[in-house]
Amino acid sequence: MRPDRLNPLFTMADSLKGVGPGLARPLEKLGLTRVKDFAYHLPDRFVQRRAVANLDEASIGEQIVVALTPIEHRSSSGRGPFRVLAQDAIGNVCAISYFGRASYSAKKLLPVGEPRWVAGRLEQYGQMLQMVHPDHVEADSAVLLGQLTEPVYPLSEGLTQGRIASLIEQALSLVTDLPEWIEPSLIGKMQWPSWRDAVALAHKDSHAAARDRLAYDELLANSLALMLVRQSNRKQSGTPLHGDGSRRAQLKLPFPLTGAQQRSIAEIEGDMAQTAPMLRLLQGDVGSGKTVVALSAMLIAVEAGAQAALLAPTEILARQHHATLTRLAAGTGVEIALLTGRDKGRARESILMGLLDGSIDMVVGTHAIFQDAVSYRNLALVVIDEQHRFGVGQRLMLAQKGRRTPHCLAMTATPIPRTLTLAQYGEMDVSKLDEMPPGRQPIDTRVVAVERQDDVIAAIGRHIETGQQVYWVCPMVREQENEDLAAAEARHAALQARFGDAVVLVHGQLRPEIKDAAMDRFARGEAKILVATTVIEVGVDVPNATLMVIEQAERFGLAQLHQLRGRVGRGSGKSTCLLLRGAALSETARERLALMRETQDGFRLAEEDLRLRGGGELLGTRQSGDTPFRVASLEQITKLLPMAHDDARLLMERDGGLTGERGEAARLLLYLFERDWGVQLLRGG
2 MRPDRLNPLF TMADSLKGVG PGLARPLEKL GLTRVKDFAY HLPDRFVQRR AVANLDEASI
62 GEQIVVALTP IEHRSSSGRG PFRVLAQDAI GNVCAISYFG RASYSAKKLL PVGEPRWVAG
122 RLEQYGQMLQ MVHPDHVEAD SAVLLGQLTE PVYPLSEGLT QGRIASLIEQ ALSLVTDLPE
182 WIEPSLIGKM QWPSWRDAVA LAHKDSHAAA RDRLAYDELL ANSLALMLVR QSNRKQSGTP
242 LHGDGSRRAQ LKLPFPLTGA QQRSIAEIEG DMAQTAPMLR LLQGDVGSGK TVVALSAMLI
302 AVEAGAQAAL LAPTEILARQ HHATLTRLAA GTGVEIALLT GRDKGRARES ILMGLLDGSI
362 DMVVGTHAIF QDAVSYRNLA LVVIDEQHRF GVGQRLMLAQ KGRRTPHCLA MTATPIPRTL
422 TLAQYGEMDV SKLDEMPPGR QPIDTRVVAV ERQDDVIAAI GRHIETGQQV YWVCPMVREQ
482 ENEDLAAAEA RHAALQARFG DAVVLVHGQL RPEIKDAAMD RFARGEAKIL VATTVIEVGV
542 DVPNATLMVI EQAERFGLAQ LHQLRGRVGR GSGKSTCLLL RGAALSETAR ERLALMRETQ
602 DGFRLAEEDL RLRGGGELLG TRQSGDTPFR VASLEQITKL LPMAHDDARL LMERDGGLTG
662 ERGEAARLLL YLFERDWGVQ LLRGG
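According to my numbering, the sequence shown is numbered sequentially starting from 2.
If you're looking for bench data, these hints aren't it; they were derived computationally from the structure. In this text, all values refer to a predicted model and were calculated from it rather than measured experimentally. Errors might be hidden in some of the hints.
Unchecked claim - Just the calculated beta-carbon pair ranges, DEER-fashion:
1. Ala274 to Gln442: 35 to 41 Å
2. Gly159 to Arg235: 45 to 51 Å
3. Ser247 to Ser360: 14 to 20 Å
What the hints assert, rightly or not - Quick list of in silico lysine to aspartate or glutamate cross-link-like pairs, EDC-like style, CA-CA up to 20 Å:
4. Lys30 to Glu158
5. Lys108 to Glu139
6. Lys205 to Glu151
7. Lys433 to Glu270
8. Lys205 to Asp45
9. Lys108 to Glu73
Think of the CB as a built atom: it goes at the ideal place given N, C-alpha and C, for glycine as much as any other residue.
Could you put the whole structure together from the sequences, leaning on the hints where they help?
Below, the structure is given as structure tokens:
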């Protein structure tokens, strides 16, 4: 239960003055639902303004504060701006321009003859000086001259900088002192402020020490929680599983296992033979053969008289896994079922009964497999695919389905830089598949300018005439107003006009049955071209698809481009990936696309992604909302995580864990960053 002293921080956003139903939705889009969310909604940057006595002292393009007296209001016909002509102290004239609805309040804001202090960017329009939509207009000079450094916050539609700043100011007034959870000598060495001061300072200016301290708090909370998971896991009594090899001997694989696969299977087999439940991450590049390793682990469980479950993040991926496992395990006599949220009636009841009486050896499914209604006779192994899509809490729910804590094998096809493995998988042992199976052909990757799009479409026509299939991936579902971005629906319509019913569309906003029907047509070869968003990033396996087109490739992260490219090259035919790029490329985008041409090593690409992106998205995952941290940037993770990990280990091993003065403070930290499942584990253990 959350400590009472944190309750003010967890008060809902509608307790703040001015937050009603209309404002709640745009705030929710930014994740601002409670007071603490506003406290941690840190500025993207700061505007530095200079106070000037008159406009002669200012430069074009400079952010200034200046006293101006309105002398005339001018309305424009049509869509032109409403202009307020105003003079400075020595007679220079400046036009203050407002467009749209803002023009209605301009007369009241800037009455003729009454001096006002105006803050904004000075621009030039023809021969006239102007300010367009100034940031502030005040009658009292003290308001603006007291704040020449102003934060600029991330916004969503329906919010203004003024409104968000006002709400954050209210939230900060509710922030109280909390006991210190960071080791005192480290505070002194890094010259970090207290938690309360750090929160306030981070909103005032680009205070690096305050920002670093808040990032460190988040990393420490994460490290502590993962250590508590590991500690709790070691205390659990699992079921030692000793397979006799009988089922695995019946596997008829179409290829020999790589050395990396054999090594990983041996590590997993060793873990599963222990009383302490396995907690292992299988990290493997696209096409490295993780599914075969997972199947071997599941067969060990079945050989030992137990059941295994494979949890997938999407229904598409669950169905794909079920089909693959069923094909690979044919001849072993193992009963494999598929269970998703869409299974209803007798079919569902039959699966539930089979899991309960043990006649089903393995089940593959979405989160439906750990719902309350699902019970197992003897669940002893849980395999989780695309681990980064699931929270630790979800994994723990599935672990409770066994009579004893099941062994857990998590898999990810997203190669993770060494510096970040601790951040996401600090509680796990790691096996790495760093070899590709024999016969896997390299994918010919080319960068193509968007001007050659017609040539690409003509090449697609020739490609499908030979009986092969094509993916076309777009970064968005629909066009956004004022943004020239490719949209999956528009691309689908254009290709359908050319190729007819051979083209199908898949994106995350389609109803599941429509999406599945389109995927099924493509998988069976009836459809030749699949237009999609990144919903196909993982798990889609169509060996006959040998051409991948990624539109506006410069908008994707390296890891995501690599995942998408991995959808082709899965059969024996030669495969090609075309990266369609826009006309204007940043230096980083150019280097990223060049790297895609140069290498197919996902681990190298992950390291390069970290170097190139800096403070940007974590491995491209932020594009799909999956980054584990809200406060810590990539540079801060790289710089501070080893320190936080060591500090957490010392606290747990030397300083009495979550007891004592600092331990009690650390409990508050876990609750503050909502890693409180770590505290629950401590109680349960």
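For each hint, the structure was consulted:
1. Distance hint check for Ala274 and Gln442: the Cβ-Cβ separation is about 37 Å, which falls inside the suggested range of 35 to 41 Å.
2. Separation of Gly159 from Arg235 is about 49 Å and conforms to the stated range, judged on CB atoms against 45 to 51 Å.
3. Taking the beta carbon of each, Ser247 and Ser360 are about 18 Å apart, inside 14 to 20 Å as hinted.
4. The straight-line distance between the Cα atoms of Lys30 and Glu158 is roughly 9 Å, inside the 20 Å bound, and the hint therefore holds.
5. At roughly 14 Å between alpha-carbon atoms, Lys108 and Glu139 fall within 20 Å of each other, so this suggested pair holds.
6. Of the pairs offered as hints, the one joining Lys205 and Glu151 holds, with about 7 Å between alpha carbons and a cut-off of 20 Å not exceeded.
7. Between Lys433 and Glu270 the alpha-carbon distance is near 15 Å, which keeps this suggested pair within the 20 Å criterion.
8. Restraint check: the Cα-Cα separation between Lys205 and Asp45 comes to about 12 Å, which is no more than 20 Å; the hinted pair holds.
9. With a C-alpha separation of about 10 Å, the suggested pairing of Lys108 with Glu73 holds against the 20 Å cut-off.
Hint compliance for this structure: no hint is broken.
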